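> Chain by chain, the residues:
2 protein chains.
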Amino acid sequence: LIDTIEYLKKNYPEIPVILDGKFADIENSSKYYAKLAFEKFGADAVTVNPYLGKEGALEPFLERKDKGILILCHTSNPGAKEIQECSVLVLTLYGSFHSVWEYVAHQVVHHWNKNQNCWLVVGATFPEILKRIREIVEDLPLFVPGIGAQRGDLEKTLRYGLDSQSGGLIIHSARKIIYASKRKYFADAAKEAAKSLRDQINILRDRLRS
Amino acid sequence: LIDTIEYLKKNYPEIPVILDGKFADIENSSKYYAKLAFEKFGADAVTVNPYLGKEGALEPFLERKDKGILILCHTSNPGAKEIQECSVLVLTLYGSFHSVWEYVAHQVVHHWNKNQNCWLVVGATFPEILKRIREIVEDLPLFVPGIGAQRGDLEKTLRYGLDSQSGGLIIHSARKIIYASKRKYFADAAKEAAKSLRDQINILRDRLRS
Chain A
1 LIDTIEYLKK
11 NYPEIPVILD
21 GKFADIENSS
31 KYYAKLAFEK
41 FGADAVTVNP
51 YLGKEGALEP
61 FLERKDKGIL
71 ILCHTSNPGA
81 KEIQECSVLV
91 LTLYGSFHSV
101 WEYVAHQVVH
111 HWNKNQNCWL
121 VVGATFPEIL
131 KRIREIVEDL
141 PLFVPGIGAQ
151 RGDLEKTLRY
161 GLDSQSGGLI
171 IHSARKIIYA
181 SKRKYFADAA
191 KEAAKSLRDQ
201 INILRDRLRS
Chain B
1 LIDTIEYLKK
11 NYPEIPVILD
21 GKFADIENSS
31 KYYAKLAFEK
41 FGADAVTVNP
51 YLGKEGALEP
61 FLERKDKGIL
71 ILCHTSNPGA
81 KEIQECSVLV
91 LTLYGSFHSV
101 WEYVAHQVVH
111 HWNKNQNCWL
121 VVGATFPEIL
131 KRIREIVEDL
141 PLFVPGIGAQ
151 RGDLEKTLRY
161 GLDSQSGGLI
171 IHSARKIIYA
181 SKRKYFADAA
191 KEAAKSLRDQ
201 INILRDRLRS
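Chains as they are written, first to last, in our numbering: chain A, 1 to 210; chain B, 1 to 210.
Read the hints as simulated data drawn from the structure, not as lab findings.
From a predicted model like this one, the values you see are computed outputs, not experimental measurements.
Keep in mind that a hint or two might mislead.
To be verified - Example chain A residues on the side facing chain B (calculated, C-beta under 7 Å, incomplete):
(1) Gly21
(2) Lys22
(3) Tyr51
(4) Gly53
(5) Glu55
(6) Gly56
(7) Thr75
(8) Pro78
(9) Gly79
(10) Ile83
(11) Val88
(12) Leu91
(13) Thr92
(14) Tyr103
(15) His106
Stated by the list, open to error - Label-pair ranges, simulated between beta-carbon atoms:
(16) A:Lys195 - B:Ala194: 50 to 60 Å
(17) A:Ser96 - B:Glu135: 29 to 39 Å
(18) A:Leu36 - B:Glu39: 45 to 55 Å
(19) B:Arg198 - A:Lys191: 36 to 46 Å
(20) B:Pro16 - A:Gly21: 23 to 33 Å
(21) B:Asp44 - A:Lys31: 24 to 34 Å
All residues carry an ideal CB built from backbone N, CA and C; glycine is no exception.
Take the sequences, apply the hints, and build the full model.
Below you can see the structure in the form of structure tokens.
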């Protein structure tokens with residue numbers, strides 16, 4: 001991992017490195033995880049899990065103004081329903097929230113994003129939830145896994161996920177690209193798979209704009 | 001980490017190794033995290049985060065009948081209140097549940113513990129919640145961090161946390177032991193700190209038994 005990131009930083013410094021560590025621990029441990037991610041690995045952004053809340057857990061990440069903090073909100077796996085869709089009733093000045101993921105989205109926008117470095121992670125496999133999250137968070141950027149091997153719907157991801165400027169999304173595909181081929185020219189196959197997804201995204205986005 | 005665990009396994013094979021990785025990811029990643037924890041590191045147990053739910057996330061851990069799976073329920077940090085204490089209303093055959101941590105405790109006992117390998121992680125810093133969790137989970141074992149540097153209450157931890165057989169608890173102190181001294185004889189100081197905590201636990205437990 002260190003070698004890969006070093007190679008990227010040296011040869012493609014314009015590519016942001018997101019370390020998908022899904023971190024969350026008590027403050028003393030999170031401090032060292034943040035150090036590990038940003039100093040040792042040189043990541044530009046990390047994913048974090050919101051279950052421990054902000055105080056004494058995620059602050060060592062959130063205080064890094066120069067880094068992106070991608071907070072799990074509604075994940076792409078089927079079990080996302082179990083805890084994240086738990087029925088909740090929270091009334092706030094900004095409206096009422098009926099599930100854990102809605103409440104997480106609300107807390108991030110209104111209480112965790114003081115340094116304007118927060119993103120939400122929202123799986124492409126639940127498009128109606130993506131739509132509702134875009135409404136709650138307005139133009140906060142979203143990181144969307146689940147396209148590719150997990151079969152999320154790309155068209156709906158763009159239709160529901162793009163912000164008011166037709167941007168604000170990182171759409172993430174891993175296995176469909178890195179395992180595009182197991183043959184000798186696997187690297188070329190991966191390149192083609194990445195290009196093809198990029199082109200599909202741009203075509204769909206242009207269509208939605210017009 | 002690998003060296004420390006190897007040393008323990010060779011010299012003190014009776015000591016269980018709990019890898020506090022707070023894992024939780026989509027199934028494909030969790031599969032490799034479980035492999036890393038149990039095969040590469042040789043851990044006997046791991047901690048996991050319940051936010052992603054069981055399906056397509058924690059199954060690669062839970063299916064390991066030979067390993068302990070310690071699931072975060074109510075953590076020891078102050079931010080535990082934010083998401084874990086969110087007001088919920090879930091009605092089940094077994095009763096009604098009013099917060100996320102109560103619901104997690106319920107799900108673990110009734111749906112995640114098929115292999116009898118689940119523990120709950122409950123911080124010592126919220127003793128009233130520990131009490132309620134012991135009621136919900138009956139004799140399920142509990143892992144209790146927060147004694148020591150985080151100033152959890154040891155007497156209440158035992159009073160509320162012990163199971164019906166006066167057992168079922170692992171009480172965890174880290175910094176108070178490993179940082180007991182920074183001098184030359186730090187190892188002896190750590191040994192004394194561990195012994196002292198053990199003795200306190202045993203004295204309190206005997207008192208509660210009688």
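> If a hint holds in the structure, say so; if it does not, say that too.
Here is how each hint holds up against the structure:
no.: 1; hint: Gly21; result: 9 Å, violated
no.: 2; hint: Lys22; result: 6 Å, holds
no.: 3; hint: Tyr51; result: 4 Å, holds
no.: 4; hint: Gly53; result: 3 Å, holds
no.: 5; hint: Glu55; result: 3 Å, holds
no.: 6; hint: Gly56; result: 4 Å, holds
no.: 7; hint: Thr75; result: 5 Å, holds
no.: 8; hint: Pro78; result: 4 Å, holds
no.: 9; hint: Gly79; result: 3 Å, holds
no.: 10; hint: Ile83; result: 5 Å, holds
no.: 11; hint: Val88; result: 5 Å, holds
no.: 12; hint: Leu91; result: 10 Å, violated
no.: 13; hint: Thr92; result: 12 Å, violated
no.: 14; hint: Tyr103; result: 6 Å, holds
no.: 15; hint: His106; result: 11 Å, violated
no.: 16; hint: A:Lys195 - B:Ala194: 50 to 60 Å; result: 57 Å, holds
no.: 17; hint: A:Ser96 - B:Glu135: 29 to 39 Å; result: 30 Å, holds
no.: 18; hint: A:Leu36 - B:Glu39: 45 to 55 Å; result: 22 Å, violated
no.: 19; hint: B:Arg198 - A:Lys191: 36 to 46 Å; result: 58 Å, violated
no.: 20; hint: B:Pro16 - A:Gly21: 23 to 33 Å; result: 25 Å, holds
no.: 21; hint: B:Asp44 - A:Lys31: 24 to 34 Å; result: 27 Å, holds
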